[in-house]
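2 protein chains.
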Amino acid sequence: MRVGMIGLGFMGSGMAANLLKGGIDLTVNDILPEKVERAVSLGARAAGSVGALVERVDVVLASLPSVEVCRQVFLGPGGVIEHARAGQVLVDHSTVDLVASRECAEAAAAKGAGFLDAPVSGGPKGAEEGTLSIMVGGERAAFETARPVFDLMGTNVRHMGGSGSGTAMKLMNQLLVSVHTCAAAEAFLLAERAGLDVQTAADVLHVSWGGSTILERNAPIVKRREFAGSGAPVRLFVKDLGILTKLGRDLGIALPMSNLAQELINETSETFGDDYDVSAPFLVLEKRSGG
Amino acid sequence: MRVGMIGLGFMGSGMAANLLKGGIDLTVNDILPEKVERAVSLGARAAGSVGALVERVDVVLASLPSVEVCRQVFLGPGGVIEHARAGQVLVDHSTVDLVASRECAEAAAAKGAGFLDAPVSGGPKGAEEGTLSIMVGGERAAFETARPVFDLMGTNVRHMGGSGSGTAMKLMNQLLVSVHTCAAAEAFLLAERAGLDVQTAADVLHVSWGGSTILERNAPIVKRREFAGSGAPVRLFVKDLGILTKLGRDLGIALPMSNLAQELINETSETFGDDYDVSAPFLVLEKRSGG
Chain A
1 MRVGMIGLGF MGSGMAANLL KGGIDLTVND ILPEKVERAV SLGARAAGSV GALVERVDVV
61 LASLPSVEVC RQVFLGPGGV IEHARAGQVL VDHSTVDLVA SRECAEAAAA KGAGFLDAPV
121 SGGPKGAEEG TLSIMVGGER AAFETARPVF DLMGTNVRHM GGSGSGTAMK LMNQLLVSVH
181 TCAAAEAFLL AERAGLDVQT AADVLHVSWG GSTILERNAP IVKRREFAGS GAPVRLFVKD
241 LGILTKLGRD LGIALPMSNL AQELINETSE TFGDDYDVSA PFLVLEKRSG G
Chain B
1 MRVGMIGLGF MGSGMAANLL KGGIDLTVND ILPEKVERAV SLGARAAGSV GALVERVDVV
61 LASLPSVEVC RQVFLGPGGV IEHARAGQVL VDHSTVDLVA SRECAEAAAA KGAGFLDAPV
121 SGGPKGAEEG TLSIMVGGER AAFETARPVF DLMGTNVRHM GGSGSGTAMK LMNQLLVSVH
181 TCAAAEAFLL AERAGLDVQT AADVLHVSWG GSTILERNAP IVKRREFAGS GAPVRLFVKD
241 LGILTKLGRD LGIALPMSNL AQELINETSE TFGDDYDVSA PFLVLEKRSG G
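Just so you know, the protein sequences line up as chains A and B, in that order.
Numbering-wise (the numbering used here), the first sequence opens with residue 1 and increments by one.
Numbering-wise (the numbering used here), the second sequence opens with residue 1 and increments by one.
FYI, nobody ran anything at the bench for these hints, they're computed from the structure.
Don't take each hint at face value.
[As the list claims (entries may be wrong)] If you want the footprint, here are the derived chain A segments under chain B, 3+ residues with CB under 8 angstroms:
1. 166-180
2. 199-208
[What the hints assert, rightly or not] Beyond 10 angstroms from chain A on every Cβ pair, some chain B residues (computed):
3. ARG2
4. VAL36
5. VAL40
6. ALA46
7. GLU103
8. ARG235
9. LYS239
10. LYS246
11. ASP275
C-beta atoms are modelled at their ideal positions from N, C-alpha and C, and glycine is treated no differently.
Construct all of the structure, not just a fragment, from the sequences and the given hints.
Here it is as structure tokens:
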């Protein structure tokens, strides 16, 4: 199977490396020549354009930084769909909105191609180690075709349902991470002010109803105050909560907890920098509490 | 060791039964005669007053429904502290505020008695099965004295630190449960509106960063819409979030996420009834979303 990868950023470069390790015939494209050169040095072919890439492969993967870039790369002139042919499977690994996912699926169907929304979770570390969670929406037949490719990049690959359900699943995860990280910040602040050790408290909560994956992850970061530099920077959540808010509006859903978490995360990004770790809303609350 | 139990409600009655099973010489007191009679039928002695109970035992346990009742039973005339003697250990298993816990500790110390704030988590089921989490604050020596008694009632017994730290730990847990249950409600609503199965989504989140103990617990309840009747009714959280809000004010801590969760939980209690399960903020959000 010939595979193409469009976008060789933090995520795409790690994913491409694992495909090459798995023996895939891989063609790559990126706007930055040095990213392409690095993938070529690992065994990939370079395609000079999105169109050239699409024409050369059976499965097209894309990992792109924003909804706007995704729309342009898939739906724009000279884009993926324009060059797609019947029987191809087109996969978007970016986190986009439901509307974009469904528009791409319709446009692909009109050319006889399959389209999967397949956002990933696990960060650059998961991409590099091939341990991503991949949440996939779209036709099951297209999913089965692409599945061997997904299995080279992730350990937790799930078909969630029809078109858009991978995207919805990813946004649910981002919603929960965002609210949980703000809740953990309040709990840690309470612990510190009441004279409890943050790590001991997190250990007790782990076996109580208050436990969460994020609470456990954040405890040592908060305890050592190592908020700068991170594999999970607030800017990713600034972006994804923007998408989530729009989705809430489109679907007419009240999301008051997410909206408040979004405010705290945006304030963290503006006050401390968008590369600060997603646990850093702790600093915003500490400041508000005279710390 | 002779032990006394004051308060034989949902929690205290289960705890008393496990002490009797463990062969403890137990004396009980409750304002409701039928509660006392039931404990006596299991092997307990009855004390006609709090004072008579305190005078007969080495370790006094109390499990009471509110901060006000706790203050009265411990600090009021004819109460526990008035009758306490040097060397006794007094334990409050109720969820109260830090100020009350510390006042009791000081008053006990003046009589030469030890005081432990030791709130529990696990609900009536945990009390009955002897699988409670018991979070203990106070002098370590007093903790070591009472520990064999705690081990008959709980499987996760932890000394958290000085006076008030058991209470602070319990309030942290309630904070997280409250925010997580509202976050889970938003996520489940998003799942339903986007056409995802709630249980499948919860399973994926369980192995992603978005996972929480409450999300996992609530998923089947929300899926089957079984919100009425519960071992974890919203009224417990209405009470504990009231205590938490006061604590936040006393310590000067900003708790915006908890405050918002409190609003949603109070609205759940007022709209659907205070015996509804703690997962029922889902219904409030569904209503706000035109459901």
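Quiz item: Going through the earlier hints one by one, which of them does the structure break, listed in rising order?
Solution: Those not satisfied: there are none.
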